[in-house]
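Q: If you're matching positions, the sequence shown starts at 140 in the numbering used here and goes up one per residue.
By construction, these hints were calculated from the structure, which means they are not laboratory data. Warning: the hint list may mix true and false statements.
Keeping only pairs whose Cα atoms sit at most 25 Å apart, straight-line, the calculated BS3-like set for lysine-lysine is [what the hints assert, rightly or not]:
| id | residue 1 | residue 2 |
| --- | --- | --- |
| 1 | Lys-459 | Lys-493 |
| 2 | Lys-665 | Lys-342 |
| 3 | Lys-573 | Lys-665 |
| 4 | Lys-513 | Lys-360 |
| 5 | Lys-493 | Lys-360 |
| 6 | Lys-459 | Lys-662 |
| 7 | Lys-610 | Lys-665 |
| 8 | Lys-360 | Lys-342 |
| 9 | Lys-342 | Lys-662 |
| 10 | Lys-644 | Lys-662 |
| 11 | Lys-459 | Lys-610 |
| 12 | Lys-644 | Lys-665 |
| 13 | Lys-662 | Lys-573 |
| 14 | Lys-610 | Lys-662 |
| 15 | Lys-177 | Lys-459 |
| 16 | Lys-573 | Lys-610 |
| 17 | Lys-573 | Lys-342 |
| 18 | Lys-342 | Lys-265 |
| 19 | Lys-573 | Lys-644 |
| 20 | Lys-493 | Lys-662 |
| 21 | Lys-671 | Lys-610 |
| 22 | Lys-513 | Lys-573 |
| 23 | Lys-671 | Lys-573 |
Between beta-carbon pairs, the in silico distance windows are [what the hints assert, rightly or not]:
| id | residue 1 | residue 2 | range |
| --- | --- | --- | --- |
| 24 | Leu-534 | Ser-562 | 20 to 26 Å |
| 25 | Asp-409 | Gly-221 | 37 to 43 Å |
| 26 | Pro-295 | Asp-628 | 20 to 26 Å |
| 27 | Thr-521 | Glu-667 | 38 to 44 Å |
| 28 | Ala-215 | Ser-562 | 54 to 60 Å |
| 29 | Glu-462 | Asp-625 | 27 to 33 Å |
| 30 | Asp-625 | Ala-191 | 30 to 36 Å |
| 31 | Arg-486 | Pro-607 | 40 to 46 Å |
| 32 | Glu-257 | Asp-326 | 33 to 39 Å |
| 33 | Gly-221 | Gly-612 | 46 to 52 Å |
This one's a predicted model, so the numbers in the text were calculated from it and none came from an experiment. Ideal placement from N, C-alpha and C gives every residue a C-beta, glycine not left out.
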Amino acid sequence: MLMEGILALRQSLWIDTADDPTAARTTIGEALSRSAEKWADDAALAFVHQPAIGDFRWTFGELDRLSDELARGLIAHGFRAGDRIGVWASNHPNWIFLQYAIAKAGMILVAINPLYRERELAYALKASQVVAVFHGGQVGGASAAHILTNIADETPLLRARFDLTCDLERIACAARPGTRLPDVAADDVCMIQYTSGTTGVPKAAWLPHGGITAIAARTYKRWGFGHGDRVCHGFPLFHVGGSGSSTPGSLIVGATTLPIYIFNAGQALDILERERCTGFIGVPSMLTAMMEEPGFAARDLSALQRIVIGGAAVPPPFLKRCEDTFGVPMLNGYGQTESCGVSASVRMDDSAEKKTATSGLALEGVSLKVVDAKGQVLPCDTPGELCVDGPGKMLRYGDTAATDEAFDSDGWLRTGDIATMDSEGYVTIVGRLKEMVIRGGENLYPAEIEAYLIEHPDIAEAAVFGLPDDKYGEELCAVLRPARPDHADADAVRDWCFSQVSRWKVPRYIAFVDAMPTTASGKIVKHELRPKMAARFGTTSEEITEQADEV
Numbered sequence: 140m141l142m143e144g145i146l147a148l149r150q151s152l153w154i155d156t157a158d159d160p161t162a163a164r165t166t167i168g169e170a171l172s173r174s175a176e177k178w179a180d181d182a183a184l185a186f187v188h189q190p191a192i193g194d195f196r197w198t199f200g201e202l203d204r205l206s207d208e209l210a211r212g213l214i215a216h217g218f219r220a221g222d223r224i225g226v227w228a229s230n231h232p233n234w235i236f237l238q239y240a241i242a243k244a245g246m247i248l249v250a251i252n253p254l255y256r257e258r259e260l261a262y263a264l265k266a267s268q269v270v271a272v273f274h275g276g277q278v279g280g281a282s283a284a285h286i287l288t289n290i291a292d293e294t295p296l297l298r299a300r301f302d303l304t305c306d307l308e309r310i311a312c313a314a315r316p317g318t319r320l321p322d323v324a325a326d327d328v329c330m331i332q333y334t335s336g337t338t339g340v341p342k343a344a345w346l347p348h349g350g351i352t353a354i355a356a357r358t359y360k361r362w363g364f365g366h367g368d369r370v371c372h373g374f375p376l377f378h379v380g381g382s383g384s385s386t387p388g389s390l391i392v393g394a395t396t397l398p399i400y401i402f403n404a405g406q407a408l409d410i411l412e413r414e415r416c417t418g419f420i421g422v423p424s425m426l427t428a429m430m431e432e433p434g435f436a437a438r439d440l441s442a443l444q445r446i447v448i449g450g451a452a453v454p455p456p457f458l459k460r461c462e463d464t465f466g467v468p469m470l471n472g473y474g475q476t477e478s479c480g481v482s483a484s485v486r487m488d489d490s491a492e493k494k495t496a497t498s499g500l501a502l503e504g505v506s507l508k509v510v511d512a513k514g515q516v517l518p519c520d521t522p523g524e525l526c527v528d529g530p531g532k533m534l535r536y537g538d539t540a541a542t543d544e545a546f547d548s549d550g551w552l553r554t555g556d557i558a559t560m561d562s563e564g565y566v567t568i569v570g571r572l573k574e575m576v577i578r579g580g581e582n583l584y585p586a587e588i589e590a591y592l593i594e595h596p597d598i599a600e601a602a603v604f605g606l607p608d609d610k611y612g613e614e615l616c617a618v619l620r621p622a623r624p625d626h627a628d629a630d631a632v633r634d635w636c637f638s639q640v641s642r643w644k645v646p647r648y649i650a651f652v653d654a655m656p657t658t659a660s661g662k663i664v665k666h667e668l669r670p671k672m673a674a675r676f677g678t679t680s681e682e683i684t685e686q687a688d689e690v
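Model the full structure from these sequences, guided by the hints.
A: Structure (structure tokens):
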């Protein structure tokens, strides 16, 4: 490591040359096999206490052996190394078996949001050249097979469709004994993950085997998980937090992973309590739902040692509330699909201030810098674009032009996020570069404004963005979900804001909603809110007479 944080940094640059060559060169199939050699009879995977799916448990040895058989079954069905295999389904035990089988067979998993409908699905399948898709049977009450039939003309490369919930055994039974699995390299594409698309059309990020294993191993090391831990996670498996971090991380360090089928606060608490889980990984909305679940205070969560929270911006007051309510350390971090998950995270022994106010330090082997619009490294504590280098960098996007824009001239991944780095190397995320609001020449960061808004006791969630304005260029608009329906008072909120922050950080337009539009991973979809608010409040200052309303 060139900069260890012992001496104060002058620039927002953290170069870390520490590396684990074993992790960096490991495919996810090899990583599972190594774990099976160490802990063959130990619990690896459990889907339990979720009546809709049943109770299932597997050891490391069983998971390794059954994924081998399924890999040979895929080969027996005519699929070859390099083929793109889509998985369009909610969390299910077979999702994980299939992920490892596809990897061992040298094929590429294309993770597809189970909420996608015809237009979105056709785009994802066609853009990634998927030749076979595993679906979950039903999609929002509609037949998945029927949807696939409707888009057949748009997806000419798709030659096979399978039901994830019931076809895997048949495929595995077709395996020919002695079939040699292909050689797979750590630099080969392991999976294609679509970005969540909260600001527009999702992009397909190509993630390498070695990136997944290296980042997953280092992330779990940072969080303090190891052999014998029991980790429940609520991330959807189509999300990098599920199939890229949570599941591989647990399996690499010898922990038991307990995924949630479809998140339900009561069932999540059942898993934590009855399985004596030592860790939980999820998004802020999941923790809110659990804390608000009737009977929460009576739950025995004494085995719980830490909670990891991510997938969305996490304001410091919310972290403090969670830590006080659950009674365990809250570990916050930063990452994105394009970096195979986590790039930075706080440590268990960090101060309370660092844990709540920052996203932590770069993982081992990961380098970070904060730059201006010209790519020059900025002084510490100066907002700029965060860039990442290290083993977790995606290989590319599916689109060449988007790929060229994603990397700077030195090969660093441009995250599109605005951040600051302090003199010790701790990173704080300020907002998205594309979301920054420029009002009368002032740069305003929605994440900062959202953080202070949810400190108000009557506000449960906040989404802030800019609306066009003739005089100032842009004005702030805040869409709020009140803690209670009878507390939706825009004037009271605005008066409170004036008492808390500078006047230019007070939203001019305030609207209330019963529920925020979110992605399956819990991120608020602002691009759905913005046109509705523009239509409601108008597009120029002269046209807008309504200062607050209820949607």
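Q: For every hint, state whether the structure bears it out.
A: Cross-check of the supplied hints:
no. : hint                           : in the structure
1   : Lys-459 to Lys-493             : holds (12 Å)
2   : Lys-665 to Lys-342             : holds (17 Å)
3   : Lys-573 to Lys-665             : holds (12 Å)
4   : Lys-513 to Lys-360             : violated (35 Å)
5   : Lys-493 to Lys-360             : holds (18 Å)
6   : Lys-459 to Lys-662             : holds (20 Å)
7   : Lys-610 to Lys-665             : holds (24 Å)
8   : Lys-360 to Lys-342             : violated (29 Å)
9   : Lys-342 to Lys-662             : holds (16 Å)
10  : Lys-644 to Lys-662             : holds (23 Å)
11  : Lys-459 to Lys-610             : violated (39 Å)
12  : Lys-644 to Lys-665             : holds (19 Å)
13  : Lys-662 to Lys-573             : holds (16 Å)
14  : Lys-610 to Lys-662             : violated (31 Å)
15  : Lys-177 to Lys-459             : violated (38 Å)
16  : Lys-573 to Lys-610             : holds (21 Å)
17  : Lys-573 to Lys-342             : holds (16 Å)
18  : Lys-342 to Lys-265             : holds (13 Å)
19  : Lys-573 to Lys-644             : holds (18 Å)
20  : Lys-493 to Lys-662             : holds (23 Å)
21  : Lys-671 to Lys-610             : holds (21 Å)
22  : Lys-513 to Lys-573             : holds (16 Å)
23  : Lys-671 to Lys-573             : holds (19 Å)
24  : Leu-534 to Ser-562: 20 to 26 Å : violated (34 Å)
25  : Asp-409 to Gly-221: 37 to 43 Å : holds (42 Å)
26  : Pro-295 to Asp-628: 20 to 26 Å : violated (55 Å)
27  : Thr-521 to Glu-667: 38 to 44 Å : violated (32 Å)
28  : Ala-215 to Ser-562: 54 to 60 Å : holds (58 Å)
29  : Glu-462 to Asp-625: 27 to 33 Å : holds (29 Å)
30  : Asp-625 to Ala-191: 30 to 36 Å : holds (34 Å)
31  : Arg-486 to Pro-607: 40 to 46 Å : holds (43 Å)
32  : Glu-257 to Asp-326: 33 to 39 Å : holds (35 Å)
33  : Gly-221 to Gly-612: 46 to 52 Å : holds (49 Å)
Checked against the numbered hints listed earlier, the structure breaks hints 4, 8, 11, 14, 15, 24, 26 and 27; every other hint is satisfied.
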